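Those protein sequence lines, which keep their order, are chains A and B.
Per this note's numbering, residue 5 is the first one in the first sequence, and the count goes up by one each step.
Per this note's numbering, residue 195 is the first one in the second sequence, and the count goes up by one each step.
Quick caveat, the hints were computed from the structure, so don't treat them as lab data.
Just so it is clear, the structure is predicted and the values come from calculations on it, not from any experiment.
Hints should not be assumed to be uniformly reliable.
Simulated crosslink set (DSSO-like; lysine-lysine; CA at most 27 Å straight-line) [unchecked claim]:
(1) A/K36 to B/K359
(2) B/K486 to B/K437
(3) B/K433 to B/K219
(4) B/K433 to A/K36
(5) B/K359 to B/K437
(6) B/K478 to B/K433
Now the stretches of chain B that chain A is said to cover, found in silico as 3 or more residues with beta-carbon under 8 Å [as the list claims (entries may be wrong)]:
(7) 199-213
(8) 217-229
(9) 284-290
(10) 329-339
(11) 451-464
Think of the CB as a built atom: it goes at the ideal place given N, C-alpha and C, for glycine as much as any other residue.
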Amino acid sequence: MSTSATTFVPDAGHPAAGHEHHHGHEQSFFFKYIWSVDHKMIGLQYLWTSFFFLFIGGLLAMGIRYQLAYPGVPVPLIGSLLPSTIASDGIILPGGYNMFFTMHATVMVFLVVMPLLIGGFGNYLIPLKIGAGDMAFPTLNAMSYWLYVLSGIIIIASFFVDGGAAQSGWTAYAPLSSTAAYNNNTQIGQSLWCVGLFVNGLSSIAGATNYITTIINMRAPGMTMFRLPLSVWASSSPRGSSSSPCRCSPPRRPCFSPTSTSAPPSSPRRADSRSSGSTCSGSSVTPRSTS
Amino acid sequence: MILPAMGLVSEILPVFARKPIFGYKAMVWAMVAIGFLGFIVWGHHMFVSGMNLTLGAAFSVSTMIIAVPSAIKTFNWMGTVWRGSIEFTTPMLFALAFVSMFVIGGLSGIFMASTPVDLFVHNSYFIVAHIHYVLFGGSLFGAFAAIYFWYPKMFGRMMNETLGKIHFFATFIFFNLTFFPMHNLGLGGMMRRIADPTVYEHLRALQPINIFVSWASFGMGLATFIFIWNFIWSLRHGKPAGKNPWNATTLEWTVPSPPGHGNFDVTPTVYNGPYEYSVPGMQKDYLPQNEKAPEGARLEVH
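Please put together the full structure from these sequences, using the hints given.
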């Protein structure tokens with residue numbers, strides 16, 4: 005590791021940095037790899053963590069595909085290990101299948117693709133590509149990563165609570181997500197899902213603030229906006245425009261009022277569609293109606 | 195979500211085509227346009243929710259408009275690789291796969307944007323096929339391209355090319371075997387999010403396709419282990435990468451791999467745009483951003 009402290013090291017301008025130790029000398033394992041504020045290490049942390057979630061999301065996808073190919077056949081090898089909310093005697097229940105596709109999409113979108121592309125590569129590459137020493141707010145950057153980890157833990161933990169994980173699809177549209185009867189009569193999984201996404205949104209907003217400030221303020225001399233590599237443009241424009249407001253979107257809000265969500269299903273047709281395992285396609289138009 | 199992948203792929207294509215990106219400013223404004231239009235298309239998820247048809251028409255139009263900047267980007271990528279001297283490295287293969295899969299997903303997206311069509315295919319496996327062509331064939335292929343491309347910068351070693359190519363072809367083939375038949379399943383009437391297709395009379399004839407798709411997806415899952423192995427093995431045993439293994443121009447390739455703390459010993463000064471490849475009038479075929487152009491070099495205007 006280079007030990008030269010330049011003017012771009014964020015702590016170098018700090019009055020305390022003169023007599024205390026410089027970063028990059030002998031950092032303990034903990035500060036170097038875990039509690040790091042270096043954008044490169046945070047980028048790699050994002051990378052490894054999203055790989056872990058990619059593995060989980062992939063396993064969930066395999067579960068979905070197994071069920072669709074062999075419905076009613078016990079899952080080989082790991083069937084007996086599945087929680088009782090997902091499978092009985094190794095056979096995946098309709099509710100368990102709903103959890104699979106809901107959590108597959110949630111994990112892949114919010115815990116894999118966005119952290120991997122924006123968190124991982126954005127963090128690693130933006131300062132390097134614009135000629136900066138680090139992000140504008142290194143600590144905020146670390147906070148963004150740890151909020152992402154926290155959201156991942158909350159979302160995965162919802163598999164193991166009473167009633168199991170959310171079952172209303174990753175869109176979580178309100179009648180489905182807010183009715184307890186569609187969620188094994190508990191709303192715990194769905195509520196955890198919402199809290200997890202809320203925390204994930206905080207992580208996104210923290211990251212977005214950081215990226216935009218960095219790109220606007222910390223470009224090297226001569227790096228005009230139209231000399232920026234396109235990946236820098238790409239990681240700033242969506243973060244500024246779409247990601248922050250999307251995370252506060254209305255469909256998720258009903259989940260935060262559990263008192264209003266315990267109403268029984270009002271129409272028996274809904275209940276029927278649930279018993280055949282199709283909670284989400286019950287009321288919609290499908291090509292089936294054409295035949 | 196696709197935008198960061200678009201940006202990363204826009205970096206990789208010029209490097210391995212040894213040409214400047216085609217239409218830099220159009221690419222930038224297309225990205226800004228996609229970022230803005232992304233705000234006003236959310237209603238296209240809800241055409242079947244009983245929304246007012248006039249509102250549905252508005253969302254239809256906004257969704258179709260977003261195809262314009264996307265097409266600008268696609269044509270510019272094609273213009274970038276057009277008659278370039280292409281090196282088919284693993285990151286380039288993934289980047290090219292990104293472009294072509296994104297086109298397939300984008301085309302099915304355009305006609306689903308039309309409300310009357312969407313009423314028929316919504317909540318069917320057609321939608322599932324579309325989203326996976328965009329999100330897996332798009333974003334995740336872009337991510338794989340980026341991992342193979344920036345791995346040397348991150349860890350100082352190259353990933354194994356042979357394993358990388360096996361991983362690419364296995365993923366690419368199994369990806370298409372998995373998700374293309376889903377179009378047929380959807381048009382055949384298979385609903386999205388049903389736990390047991392065999393309880394529906396009209397879906398029993400389609401069950402062989404479901405089994406085929408599942409086995410293809412298992413194959414794709416297994417192919418990922420090649421990638422994991424390659425990633426971990428190369429951490430210690432990969433060929434050491436210098437500062438700039440791909441002969442690329444942007445600033446991250448001017449520092450050691452992996453870069454030290456603080457990134458740059460001396461703050462770099464930037465003289466050129468980011469994609470100066472095969473500049474006429476120069477000896478070497480690329481011009482790093484922090485090097486002044488020699489006399490007589492004819493640069494892109496930035």
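Here is what the structure says about each hint:
A threshold of 27 Å between alpha carbons decides the hint, and for A/K36 with B/K359 the separation of about 34 Å lies outside it, so the pair is violated. Between the alpha carbons of B/K486 and B/K437 the distance comes to roughly 19 Å, so the proposed pair stays at or under 27 Å and holds. For the given pair, B/K433 sits about 37 Å from B/K219 by alpha-carbon distance, which is inconsistent with the 27 Å threshold. Proposed proximity of B/K433 and A/K36 is supported: the alpha carbons are some 25 Å apart, at most 27 Å.
The straight-line distance between the Cα atoms of B/K359 and B/K437 is roughly 23 Å, inside the 27 Å bound, and the hint therefore holds. For the hint pairing B/K478 with B/K433, the CA-to-CA distance comes to about 24 Å; that is within 27 Å, so the pair holds. Look at the stretch 199-213 of chain B against chain A: 6 of its residues bring a Cβ nearer than 8 Å to a Cβ of that chain, three or more, so the hint holds. Interface restraint, the stretch 217-229 of chain B with chain A: holds (8 residues with C-beta to C-beta distance below 8 Å; minimum three).
With 0 residues bearing a CB less than 8 Å from a CB of chain A, the stretch 284-290 of chain B misses the requirement of three and the coverage assertion fails. Remark: the stretch 329-339 of chain B is confirmed as covered by chain A, as 5 of its residues place a Cβ nearer than 8 Å to a Cβ of that chain, reaching the required three. Counting residues of the stretch 451-464 of chain B whose beta carbon lies closer than 8 Å to any beta carbon of chain A gives 13, which reaches the threshold of three, so the coverage claim holds.
In the structure shown, a violation is registered for the earlier hints numbered 1, 3, 9, in ascending order.
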